[in-house]
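Listed in order, the protein sequences are those of chains A and B. In this text, residue positions in the first sequence follow the working numbering: the first is 1, and each later residue adds one. In this text, residue positions in the second sequence follow the working numbering: the first is 1, and each later residue adds one.
Some clues are possibly wrong.
[Said to hold, decoys possible] Label pairs and their computed distance ranges (CB to CB):
| # | chain 1 | residue 1 | chain 2 | residue 2 | range |
| --- | --- | --- | --- | --- | --- |
| 1 | A | 136 | B | 32 | 51 to 57 Å |
| 2 | B | 108 | A | 270 | 44 to 50 Å |
| 3 | A | 90 | B | 110 | 56 to 62 Å |
| 4 | A | 76 | B | 138 | 52 to 58 Å |
| 5 | B | 86 | A | 36 | 21 to 27 Å |
| 6 | A | 288 | B | 30 | 43 to 49 Å |
| 7 | B | 138 | A | 263 | 38 to 44 Å |
| 8 | A | 186 | B | 239 | 34 to 40 Å |
Calculated directly from the structure, the hints in this document are not laboratory data. Every residue gets a Cβ at the ideal spot worked out from N, C-alpha and C, and that includes glycine.
Chain residues, written in single-letter form:
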Amino acid sequence: MTEHSHPNSQGRKRGLLAFLLKARATKPGETYGVPGQGETRLLSVASILGILFVWWLVTSMGWVKPLFLPSPQAVLQKFFTVWTNGFTNVAFLDHVGISAARVFGAFLLACVIGIPLGLAMGMSPVIRGLFDPPIEFYRPIPPLAYLPLMIIWFGIGETSKVLLIFLSVLAPVALGARSGVKSAAIEQIHAAYSFGASRWQVMRHVILPSALPEILTAMRIGIGFGWTTLVAAEMVAATRGLGYMVLTASQFLQTSTVIMGIIVIAIIAYAFDMLMRFVERKLVPWKGRM
Amino acid sequence: MGLNVRQASVVYPTADGRPPVEALRQIDLDIAGSDFVVALGASGCGKSTLLSLIAGFLSPSSGEILLDGGRVQGPGADRAVVFQKHALMPWLNVIDNVALGLKLQGVPQARRQQIARGFISLLGLGEFETARVYNLSGGMQQRVGIARALTCDPKLLLMDEPLGALDALTREKAQELILTIWHKTAKSVFFITHSVEEALFMGTRLIVMSPRPGRITHRFDLPFSRQFLSGTPARTVKASRAFIDLREEVLKIIFSDEEAVA
Numbered sequence: 001m002t003e004h005s006h007p008n009s010q011g012r013k014r015g016l017l018a019f020l021l022k023a024r025a026t027k028p029g030e031t032y033g034v035p036g037q038g039e040t041r042l043l044s045v046a047s048i049l050g051i052l053f054v055w056w057l058v059t060s061m062g063w064v065k066p067l068f069l070p071s072p073q074a075v076l077q078k079f080f081t082v083w084t085n086g087f088t089n090v091a092f093l094d095h096v097g098i099s100a101a102r103v104f105g106a107f108l109l110a111c112v113i114g115i116p117l118g119l120a121m122g123m124s125p126v127i128r129g130l131f132d133p134p135i136e137f138y139r140p141i142p143p144l145a146y147l148p149l150m151i152i153w154f155g156i157g158e159t160s161k162v163l164l165i166f167l168s169v170l171a172p173v174a175l176g177a178r179s180g181v182k183s184a185a186i187e188q189i190h191a192a193y194s195f196g197a198s199r200w201q202v203m204r205h206v207i208l209p210s211a212l213p214e215i216l217t218a219m220r221i222g223i224g225f226g227w228t229t230l231v232a233a234e235m236v237a238a239t240r241g242l243g244y245m246v247l248t249a250s251q252f253l254q255t256s257t258v259i260m261g262i263i264v265i266a267i268i269a270y271a272f273d274m275l276m277r278f279v280e281r282k283l284v285p286w287k288g289r290m
Numbered sequence: 001m002g003l004n005v006r007q008a009s010v011v012y013p014t015a016d017g018r019p020p021v022e023a024l025r026q027i028d029l030d031i032a033g034s035d036f037v038v039a040l041g042a043s044g045c046g047k048s049t050l051l052s053l054i055a056g057f058l059s060p061s062s063g064e065i066l067l068d069g070g071r072v073q074g075p076g077a078d079r080a081v082v083f084q085k086h087a088l089m090p091w092l093n094v095i096d097n098v099a100l101g102l103k104l105q106g107v108p109q110a111r112r113q114q115i116a117r118g119f120i121s122l123l124g125l126g127e128f129e130t131a132r133v134y135n136l137s138g139g140m141q142q143r144v145g146i147a148r149a150l151t152c153d154p155k156l157l158l159m160d161e162p163l164g165a166l167d168a169l170t171r172e173k174a175q176e177l178i179l180t181i182w183h184k185t186a187k188s189v190f191f192i193t194h195s196v197e198e199a200l201f202m203g204t205r206l207i208v209m210s211p212r213p214g215r216i217t218h219r220f221d222l223p224f225s226r227q228f229l230s231g232t233p234a235r236t237v238k239a240s241r242a243f244i245d246l247r248e249e250v251l252k253i254i255f256s257d258e259e260a261v262a
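Generate the whole structure from the sequences, applying the supplied hints.
Shown next as structure tokens:
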């Protein structure tokens, strides 16, 4: 009995803790069901608010100097300043526009080339044999390492920038499409063949649709790599772009602009990911269900 | 129509100098008219390999498979296959799954929907035409698979443990449904099962296969499906003296195979 010195402690919990711990209607299979089920939106909002609060606390109490970490208000202020006045004589939306054009252009190009290439690698040992070594060779190399080569080969214009982002997106997209080819069950393939389907028809009506969930996942991963590479791509001889803005601001120790730029990039990337998840739900509602 | 398996053997080579595996040794089998041939046997006896040979997914190492006198070179719409599972296309709804074979053969949309509808209602799936297949129960998914196989009017229906993943009650219902449809369509059927009772109840002929090497060891002619189709209730057929005696005899054969392996 002495172990339970507070028999009523269950009833005394208040506020958020009580909310999180309170008894709820049991869903069948929840306790011993698939791990990781459940609603997360509330916790996500709490997480963001928590980070903002700590950020606000440490800056407004003066524990961290504004040079290292400006306050949230200062960053928001900076956003409105840049929104109205632009940055280095270029309108804010021009910075956003050119960066989005570079990333989405490279992404589109990588999908147009990478998805068919990956599918071909999955379906043909010849294509796989030819393209596997170069892709696996360059894939783990940081884009910053081959950025100089891009500039030496393709100059300081748009080509080298888009190409750098393109390369970082290409590998994950192609590899995703390649492994997606294996998604079709042998029974599905045999069923099509037993209806007299040609090899081409099997690819079109069985392999391709069953690879779609993995292709979409690979696209989501790929665009992430694209945003990661943006700053590197805009390091050299850029006069516009979010990456350029962040880099230039950091050289002038304008930390608030750096943080503002990072947040803008994150918001655009997150919004696009939400769009991709929506497309996934519409296009492949059967994902993981059969 | 006639299908003839003539001295068909399938041998798989093995690595590191061990002797090659004989999946099938010199199989002879004839299926004609409205035969309902059931293959029964312990795991590894080669019954699925035999089905793959007939379907054309696999070529024999020696011997030949003849369909109406012509040599089987590969899969074709004259031999439709019903699989145990994983064979439906989750991105298509029920009617498009059923019409898949017709689509692959270039039948126009309106015509193939019309044919598919006929088989959907034959299988009792009328209300589920536009349902997503992954929302259906296992038994209903199998009925979609059977409807799909029937649409192209195959000469021979190959069924690879089609009821193996169903629960006992659904399974008995599905057996009766398949027999009724077989009776209506008068197709030849080659049917694989693990269940002795199912084999005896469904088939007009039974082949019992044995592993290592895979071969046919016993053949029986069966009267029970005709008893069911002429009106005797399924449970009465399955509880009859003759049925039980044969069931025990076949079980004994299969158990002795299992022991020989163990």
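Do the hints match the structure? See the list:
no.: 1; hint: 136(A) to 32(B): 51 to 57 Å; verdict: 55 Å, holds
no.: 2; hint: 108(B) to 270(A): 44 to 50 Å; verdict: 46 Å, holds
no.: 3; hint: 90(A) to 110(B): 56 to 62 Å; verdict: 58 Å, holds
no.: 4; hint: 76(A) to 138(B): 52 to 58 Å; verdict: 56 Å, holds
no.: 5; hint: 86(B) to 36(A): 21 to 27 Å; verdict: 25 Å, holds
no.: 6; hint: 288(A) to 30(B): 43 to 49 Å; verdict: 45 Å, holds
no.: 7; hint: 138(B) to 263(A): 38 to 44 Å; verdict: 50 Å, violated
no.: 8; hint: 186(A) to 239(B): 34 to 40 Å; verdict: 39 Å, holds
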